[in-house]
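Fit the two chains together into the complex; they arrive one by one in their own frames, and the hints show the way.
What follows is the residue order along each chain.
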Amino acid sequence: DGGITQSPKYLFRKEGQNVTLSCEQNLNHDAMYWYRQDPGQGLRLIYYSQIVNDFQKGDIAEGYSVSREKKESFPLTVTSAQKNPTAFYLCASSLDRAINEQFFGPGTRLTVL
Amino acid sequence: RKEVEQDPGPFNVPEGATVAFNCTYSNSASQSFFWYRQDCRKEPKLLMSVYSSGNEDGRFTAQLNRASQYISLLIRDSKLSDSATYLCAVNQNNNDMRFGAGTRLTVKP
Chain A
5 DGGITQSPKY LFRKEGQNVT LSCEQNLNHD AMYWYRQDPG QGLRLIYYSQ
55 IVNDFQKGDI AEGYSVSREK KESFPLTVTS AQKNPTAFYL CASSLDRAIN
105 EQFFGPGTRL TVL
Chain D
262 RKEVEQDPGP FNVPEGATVA FNCTYSNSAS QSFFWYRQDC RKEPKLLMSV
312 YSSGNEDGRF TAQLNRASQY ISLLIRDSKL SDSATYLCAV NQNNNDMRFG
362 AGTRLTVKP
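As you go down the protein sequences, you meet chains A and D in turn.
My numbering puts the first residue of the first sequence at 5, with every later residue one more than the last.
My numbering puts the first residue of the second sequence at 262, with every later residue one more than the last.
Chain D extracted, bound-state conformation (with noise of 0.2 Å):
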């Protein structure tokens, strides 16, 4: 099993609709939780940090359920601009970080 798991999609979406992936992980020790956006060929950038339950930041919520080992990311009204990949990362116990291959998004008009 993979220690950082997603699913990579394609998800194609209207405009306007809401999309939720997820990312599971594998070490019920890991402490801390993050969502980045990478756009085709640009470097991965910060988009949440995910520290206790979850939290919010405009249209995207992102929650943590440590019973089931997941992560999830809410994208609520979408723009064309999200179109991206979503990566998932997981900080272990060790301090030791894991990246999941990403989900791929496509907003359509």
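Here chain A stands alone, though its shape is the one from the complex (with noise of 0.2 Å):
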């Protein structure tokens, strides 16, 4: 089955710990992202990436680290630098950033303890 993946699914880390995301996708898409989502408020943009070793900042990418090495693979750190860090955070990718519809995976919660 074609889709995008995320782990893990829950994720707990203590405060002044870095922590990656994974998310995958293997429907050969160029466009990957990377978003937040906190109650009552829309996705907001972390960083995006539209091909592979490239990516560029989001809205709120202060405190968050990605990597493209690999056209499938778009793994997000969220670093202790981030105030702020409990979220639901989701990945999404497009066929490139000009053709729009974006695809979302299943989503990672993750909460500082």
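Just so you know, these hints were derived from the structure itself, not from any lab.
Owing to the predicted nature of the structure, the values given are computational and were not obtained by experimental measurement.
Mixed in with the good hints there might be a few duds.
Said to hold, decoys possible - Within a straight-line C-alpha distance of at most 20 Å, the following computed EDC-like cross-link-like pairs (lysine to aspartate or glutamate) qualify:
#, chain 1, residue 1, chain 2, residue 2
1, D, K263, D, D357
2, A, K13, D, E304
3, A, K61, A, E73
4, D, K303, A, E28
5, D, K263, A, E28
6, D, K340, D, E264
Quick look at the structure:
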């Protein structure tokens, strides 16, 4: 089955720790995205990548980092510099950034203890 | 003004009712528009794309009003299974997708 997978589904982190969220797609999509969703708010873009080995900051990139070494994979690291990391993190992909339908993975719910 | 705005609801309607949601956007150069459905604690799933004046898919109709800068979603003959949050998404001229915060719908027996 083609699709987007994210792991883990739930993640608990102590303050001061870095954690990495996985996102993999087998849709052969060029563009991938990371969003954060907080209650009562829309999706906010953290980072996006239009092609392998290239990525750009979104609206709320501070405290996060990404890599795009393979077309299929776009992991997100939440660093200790992110002041309020508890949120629902969604990864998405699209054929390219101009053809806009974005398809989402099941999400990772991160809680900082 | 937010780039994409939606009435958060909740909309509580009986089964069989017709319900409509609006979504306004601020960038007049926006080119493409989408409706997503999001169930509680799940990811958004694409419901409809709205590329021109509007389109229909079964009980769902999406309309675009460029002059007034809004899109709408009409659901006819509501089912219990339609209960969800509906997000609109607007792709601005620079290929920058913006999402609304969502409108929550509850369909009751």
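*Would you check the hint for K13 (chain A) and E304 (chain D), treating anything up to 20 Å between C-alpha atoms as holding?*
This hinted pair holds, its Cα atoms lying about 11 Å apart.
*Does K340 (chain D) pair with E264 (chain D) here, judged by a C-alpha cut-off of 20 Å?*
Status violated; Cα separation ~31 Å.
*Is it true that the CA of K263 (chain D) sits at most 20 Å from the CA of D357 (chain D)?*
14 Å, holds
*asked:* Hint check: K263 (chain D) vs E28 (chain A), CA-CA at most 20 Å. Holds or violated?
replied: Distance ~32 Å between K263 (chain D) and E28 (chain A) Cα, so the pair is violated.
_Can you confirm whether the C-alpha distance between K61 (chain A) and E73 (chain A) stays at or below 20 Å?_
17 Å, holds
*Is K303 (chain D) within 20 Å of E28 (chain A), Cα to Cα?*
With a Cα-Cα distance of about 17 Å, the restraint between K303 (chain D) and E28 (chain A) holds, given a limit of 20 Å.
Figure legend: structure checked against the earlier numbered hints; hints not met, in rising order: 5 and 6.
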